[in-house]
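Student: The residues making up each chain are set out below.
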Amino acid sequence: DQQVKQNSPSLSVQEGRISILNCDYTNSMFDYFLWYKKYPAEGPTFLISISSIKDKNEDGRFTVFLNKSAKHLSLHIVPSQPGDSAVYFCAASAPGGTSYGKLTFGQGTILTVHP
Amino acid sequence: DTGVSQDPRHKITKRGQNVTFRCDPISEHNRLYWYRQTLGQGPEFLTYFQNEAQLEKSRLLSDRFSAERPKGSFSTLEIQRTEQGDSAMYLCAASGRGLGETQYFGPGTRLLVL
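So the protein lines, in turn, are chains A and B.
Per our numbering, residue 1 is the first one in the first sequence, and the count goes up by one each step.
Per our numbering, residue 1 is the first one in the second sequence, and the count goes up by one each step.
So here's chain A without its partners, still in its complex pose (with noise of 0.2 Å):
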């Protein structure tokens, strides 16, 4: 049961352009949002988050928008750059109990930055 998807497994985008990861959820219960970067063998790092009481929370070029009725959210980065180009994962939580903080993954979606 894949409670969080990634339906697009890459992306490619020109620097300069905007990029825009999406991100599926089914799980109701979820009321905090994540994304992560990844690059090969390392961990996770953090970019940013969104609390489901918000529908939009930017950092810098990080952009992360949340649309609870239709259960999705999005990653826009503007202007993408090469370094930008990872693994980018969005990942959820649902509040309280012995799962506190308990994160659910998406599969990843590999971006490509070309110069």
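Simulated from the structure, these hints should not be mistaken for lab results.
Everything numeric in this text was worked out from a predicted model, so none of it was measured.
Wrong hints could be hidden among the right ones.
Distance condition first, Cα-Cα at most 30 Å in a straight line; then the derived DSSO-like pairs of lysine-lysine [what the hints assert, rightly or not]:
hint : chain 1 : residue 1 : chain 2 : residue 2
1    : A       : Lys-5     : A       : Lys-68
2    : A       : Lys-37    : A       : Lys-68
3    : B       : Lys-71    : B       : Lys-11
4    : A       : Lys-71    : A       : Lys-5
5    : A       : Lys-54    : A       : Lys-71
6    : A       : Lys-54    : A       : Lys-5
7    : A       : Lys-5     : B       : Lys-57
8    : B       : Lys-57    : A       : Lys-68
9    : B       : Lys-11    : A       : Lys-54
10   : B       : Lys-71    : B       : Lys-57
11   : A       : Lys-37    : A       : Lys-54
12   : A       : Lys-68    : A       : Lys-54
13   : A       : Lys-37    : A       : Lys-71
14   : A       : Lys-37    : B       : Lys-57
15   : B       : Lys-57    : A       : Lys-71
Not the full set, but computed from the structure, chain A residues with beta-carbon under 10 Å of chain B [as the list claims (entries may be wrong)]:
hint : residue
16   : Gln-6
17   : Gly-43
18   : Phe-62
19   : Phe-89
20   : Cys-90
21   : Ser-93
22   : Gly-101
23   : Thr-104
24   : Phe-105
25   : Gly-106
For every residue, glycine included, the Cβ atom is placed at its ideal position computed from N, Cα and C.
Following the hints, complete the assembly by docking chain B onto the known chain A.
Tutor: Here is chain B on its own, set in the frame of chain A:
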């Protein structure tokens, strides 16, 4: 630097051997998580500690797996009688105590079982 270190970074072992991995978060991280990532997949939750208490174990964590966090500081993950299917990246993440809910990951331990 996330403040989370893992040791070793790589481990090659033969099937049937036992292996142990270590994770060291900084003292502000009272919550500690273990995940496993296989090729082409996102990380999957294995277990969660709040301080020294292990509060949840995934059904992915078979009887051959055990994790500890003595004194609520570093944590170890042991796999007994390793199988080839255990080959994966084992990731430790930590959060909490003023650092909010964001989990910060260590560099991971890559296990290869021959």
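Student: Find the hints from earlier in the document that the structure breaks and name them by number, from lowest to highest.
Tutor: The structure breaks hints 9 and 18; every other hint is satisfied.
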